[in-house]
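> Below, each chain spelled out in residue letters.
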Amino acid sequence: MSIHEMGGVEAPGDAVHARHANAPYEAVFVGARRQELDELLTRYPSKMAALLPALWMVQHDRGWVSEEGMAEVARLLDLTPAYVKGVVTFYTMYHQHPVGKYFIQVCTTSPCQICGAEEVVEAFLRHTGCQELGVISPDERFTVIEVECLGACGFATPVMVNEDFVESVTPEGVPELLSRYK
Amino acid sequence: MGFPHKSHARETAVLSQYFGDREAITLDGWRKRGGYVALERALGMSPSDIVNVVKESGLRGRGGAGFPTGLKWSFMKPGDGKPHYLCCNADESEPGTFKDREIMRWTPHALVEGCAIGAYAIGAETAYVYIRGEFTEPIERMEAAIKEAYAAGILGNNAMGTGKTVNVWVHRGAGAYICGEETALMNSLEGKRGNPRIKPPFPAVAGVFGQPTTINNVETLVAVPHILNNGADWYKKFSRADNPKSTGTKLYSVCGNIARPGNYEVAMGFPFKDFLYDLCGGPLPGRKFKAIIPGGISVPIQSINEAEASSMDYEGFVAQGTMLGSGGVIVVDDAQNLVKFIARAARFFAHESCAQCTQCREGTAWTTKILERIAAGEGTSEDLDTLLEIADNMTGKTICVLSDSCATPVVSGLKKFPGDFEALIKQKTHLLVPALA
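As given, the protein sequences belong to chains A and B, one line each in that order.
Going left to right, the first sequence walks through residues 1 to 182 as the working numbering numbers them.
Going left to right, the second sequence walks through residues 1001 to 1437 as the working numbering numbers them.
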């Protein structure tokens, strides 16, 4: 099944889930992180408003947002795990399963498309060894997805590698770019 | 200025004058460039006096709708005993638009100052800057600027030593175009799914956290300090002699098939033809312009004749069959078939639909399917009628305008470039890249 048939979300293989399922969950909000969350709560009149920032912290520290991560956040913000899951599934940037060490998002929306973004996607799929969108590469380094408008259309094609924002990527520039991410 | 290019002599660089200037990013650098003088002035004025100056300047919302900013601020009733909030919409996600990104990257203190003045003017003690999750660098710079402003006593419980409370915080989105819709933005800020709300109640009555709220675009807020420093009359001068309804300068992000893509700032009423050929350098070598979308992908596509006859202001673009929108200029040249371009736009909207309303949830998906079928050389002439029928059912019938936005390029594209559709249907050629088909 291709990424588009999945409605644009990354499709994890069962094997990927199995590989990480046995690792015990380690709480995120202890020590400095807990302090950071407490400080954050002073900025809003409701606890719920800290949900998106709290989920960002989970993803930053663990690489993805697991069911256990959602449960931890739910407990701290007086929400139910089901509610938190409902929110997580709305936002495309929260990974609901593990992804490659480097998560690559290539903008392919219309303005980038007419500047050759599809060839850039192809180059990423070929040079990462992913072959397919949304999967983890055999060496577990990369996952490549097409992303909707990154908001840098004048610098086609913009690409995000984890938190790095890279402008004006061409198919020829892909191998060099990838070599920066070991 | 024409960032990342050198400024063009015909630009009017007010908001963008420090783009590319690394010193302007820091508080010291910003102060050397006249920063926070306007905030100091504002905190010494009454909120209603600030609202009146902004009203008098003619400033209109730069996010897309063009609603008069002073009027919007005047809806916030002082002394109602409720906490008020200012939300700055920095969710810049409209395809073709990347101006707010540069404002936040190069002049983060300009936005902190604009937010602080805006919050004070509407009786709010807190402003939230909702920035799209992908904008990692703008988020970093905004957070650093806010930290500097608190440390310097510009923000906080005794803002600039006046005893007034002004807080500004960054709130990071997580990947949802729809959160740029103001009521979806408020839901998202509250920690909910970003579904747009039914209006009324309007945000000024019951907005974020159920309290009176004003939502302003980044570019709108950064214009305010300049208006307070130079006066409403100064701002009004940036307009066409025969059109006082659009005033000030406007940032345009230019992308697609054009020689010099990037950001440009011109006075309202600038001739679009000169803008495209002179400032932006015209088409790529050996190509010709074919179609232009001047205000982000949600506004109607213009033929090149319409574009060349346009005056760059709210009324000027409407007179030529489109809208100023967000100022995201997308240029398509004669090497492109518009069907594929529009199909990709439809897929964008299908992906970004929040799926509350049937017309949008189903309509965006059906439109995408049909357009991709035509692009693949498998379309029929009946498909064109079906597209228009779906578009009709998607327009003016939903909670927000995402659905309408998906229909817009379809309807305007079919009307102005029917040959692109017919050629694919008759010749049965396909346009999809084989590896991705």
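Worth flagging that the hints you see were computed from the coordinates, not collected in a lab.
Be aware that one or more of the hints could be misleading.
Unchecked claim - Straight-line distance between alpha carbons at most 27 Å, and here's what the computed DSSO-like set of lysine-lysine pairs gives:
#1 A:K47 to B:K1416
#2 B:K1415 to A:K47
#3 A:K47 to B:K1192
#4 B:K1199 to B:K1055
#5 A:K47 to B:K1237
#6 B:K1288 to B:K1164
#7 B:K1397 to B:K1369
#8 B:K1288 to A:K47
#9 B:K1006 to B:K1055
#10 B:K1273 to B:K1237
#11 A:K85 to B:K1192
#12 B:K1055 to B:K1164
> Tell me if the straight-line CA distance from A:K85 to B:K1192 falls inside 27 Å.
11 Å, holds
> So if I understand the rule, the pair passes when the alpha-carbon distance is 27 Å or less; does B:K1397 with B:K1369 pass?
Holds, because 21 Å separates the two Cα atoms, which is no more than 27 Å.
> Assess, step by step, whether the Cα of B:K1288 is no farther than 27 Å from the Cα of B:K1164, and give holds or violated.
Measuring from Cα to Cα gives roughly 56 Å; hence the hint is violated.
> Measure nothing beyond the straight line between the CA atoms of A:K47 and B:K1237; if it is 27 Å or shorter, mark the hint as holding.
47 Å, violated
> Check whether the Cα positions of B:K1415 and A:K47 lie no farther apart than 27 Å.
50 Å, violated
> Would the pair A:K47 and B:K1416 pass a check requiring their Cα atoms to be no farther apart than 27 Å?
With a Cα-Cα distance of about 51 Å, the restraint between A:K47 and B:K1416 is violated, given a limit of 27 Å.
> Does the structure keep B:K1006 and B:K1055 at a Cα separation of 27 Å or less?
33 Å, violated
> Is the straight-line distance between the alpha-carbon of B:K1199 and that of B:K1055 27 Å or less?
Holds, at about 24 Å.
> Given the hinted pair B:K1273 and B:K1237, is their alpha-carbon gap at most 27 Å?
21 Å, holds
> Sort out whether A:K47 lies within 27 Å of B:K1288, counting only the CA atoms.
55 Å, violated
> Holds or violated: B:K1055 with B:K1164, Cα cutoff 27 Å?
At roughly 23 Å apart (the allowed maximum being 27 Å), B:K1164 and B:K1055 satisfy the hint.
> Take a quick look at whether A:K47 and B:K1192 sit within 27 Å of each other, Cα to Cα.
12 Å, holds
Hints 1, 2, 5, 6, 8 and 9 from the list above are not met by this structure, while the remaining hints are.
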